[in-house]
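Undergrad: For reference, the chains in residue letters:
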Amino acid sequence: KQEVTQIPAALSVPEGENLVLNCSFTDSAIYNLQWFRQDPGKGLTSLLLIQSSQREQTSGRLNASLDKSSGRSTLYIAASQPGDSATYLCAVRQDSNYQLIWGAGTKLIIKP
Amino acid sequence: NAGVTQTPKFQVLKTGQSMTLQCAQDMNHNSMYWYRQDPGMGLRLIYYSASEGTTDKGEVPNGYNVSRLNKREFSLRLESAAPSQTSVYFCASATGSSYEQYFGPGTRLTVT
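Sequence lines, in order, name chains A and B.
Here the first sequence is numbered in my numbering, starting from 1 and rising by one per residue.
Here the second sequence is numbered in my numbering, starting from 1 and rising by one per residue.
So here's chain A without its partners, still in its complex pose:
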């Protein structure tokens, strides 16, 4: 059974730092992996989606990588800003399955 883990559960860093959020999964037979952001009391916003055949995806200051063989994905945030404060979730789609398997999220606080 696929399990998705995000460590750490919470992270607080000063503004301007580059940082990495981690997502690990137990079954490498994935279709794709998606990173989301959730602000308090709000819905989820899709940040990046990496297909199983891809190694990384970039959007602005965000870069997500995927290593299927080791069961890991990282979300790199460059030059962090207070507006980046949110909970970041990763979710894995298994092959031929419509369901996403979710991590519990990393709560990120960027201190001004």
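Among these hints, one or two may not hold up.
To be verified - Here are the simulated BS3-like pairs of lysine-lysine, each with C-alpha atoms no more than 27 Å apart in a straight line:
hint, chain 1, residue 1, chain 2, residue 2
1, A, Lys111, A, Lys42
2, A, Lys111, B, Lys9
3, A, Lys1, A, Lys68
4, B, Lys9, B, Lys57
5, A, Lys107, B, Lys9
6, A, Lys111, A, Lys68
7, B, Lys71, B, Lys9
8, A, Lys42, B, Lys57
9, B, Lys57, B, Lys71
10, A, Lys107, A, Lys1
11, B, Lys14, A, Lys1
12, A, Lys68, A, Lys107
13, A, Lys42, B, Lys9
14, B, Lys71, B, Lys14
15, B, Lys71, A, Lys42
Hints were generated in silico from the structure; no laboratory data involved.
Once you have looked at the hints, place chain B on chain A.
TA: Just chain B, lined up with the frame of chain A:
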């Protein structure tokens, strides 16, 4: 282009009452999903619809029913609300090829 919309935003029910949560998307997506999000439990899939005319159970379907009214609309019904159904409910839809999911703003439901 409104994306995924949900109504209502907030609702308070008494135990035993019924209600329907509405969801609509204007992105011409084939698949749609209903999740609930509870503190410490993460996101859990209630029901999903891979395409118009089909629905399937997710991880926590008990106490809920769904209707895929047409390609745009997917509703979630609580026939007899229970306090354990107090939660935030999210609707999502996904593209047909990459299955990238897009979320609505959520409905905060309290059952007393």
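Undergrad: For each hint, tell me whether it holds in the structure or not.
TA: How the hints compare with the structure:
For a cut-off of 27 Å, the pair hint linking A/Lys111 to A/Lys42 stands: about 21 Å separates their Cα positions. A distance of roughly 31 Å separates the Cα atoms of A/Lys111 and B/Lys9; the hinted pair therefore is violated under the 27 Å criterion. With a C-alpha separation of about 16 Å, the suggested pair A/Lys1 and A/Lys68 falls inside the 27 Å cut-off, and the hint holds. Among the hinted pairs, B/Lys9 with B/Lys57 is consistent with the structure: their alpha-carbon atoms are about 24 Å apart, no more than 27 Å.
Between A/Lys107 and B/Lys9 the CA atoms are separated by roughly 24 Å; this keeps the pair inside 27 Å, and the hint holds. At roughly 33 Å between alpha-carbon atoms, A/Lys111 and A/Lys68 are farther apart than 27 Å, so this suggested pair is violated. For the given pair, B/Lys71 sits about 22 Å from B/Lys9 by alpha-carbon distance, which is consistent with the 27 Å threshold. Straight-line distance between C-alpha atoms of A/Lys42 and B/Lys57 comes to about 25 Å, which keeps the hinted pair within the 27 Å bound.
The suggested pairing of B/Lys57 with B/Lys71 holds, with an alpha-carbon distance near 18 Å, which does not exceed 27 Å. Pair hint A/Lys107 plus A/Lys1 holds up; C-alpha atoms about 25 Å apart against a cutoff of 27 Å. The suggested pairing of B/Lys14 with A/Lys1 is violated, with an alpha-carbon distance near 37 Å, which exceeds 27 Å. Note on A/Lys68 and A/Lys107: the hinted pairing holds, with a Cα-Cα distance of about 24 Å set against a maximum of 27 Å.
This hinted pair checks out: A/Lys42 and B/Lys9 have alpha carbons roughly 11 Å apart, not beyond 27 Å. A distance of roughly 32 Å separates the Cα atoms of B/Lys71 and B/Lys14; the hinted pair therefore is violated under the 27 Å criterion. For the hint linking B/Lys71 to A/Lys42, the alpha-carbon distance of about 25 Å falls within 27 Å, and the restraint holds.
Hints 2, 6, 11, 14 from the list above are not met by this structure, while the remaining hints are.
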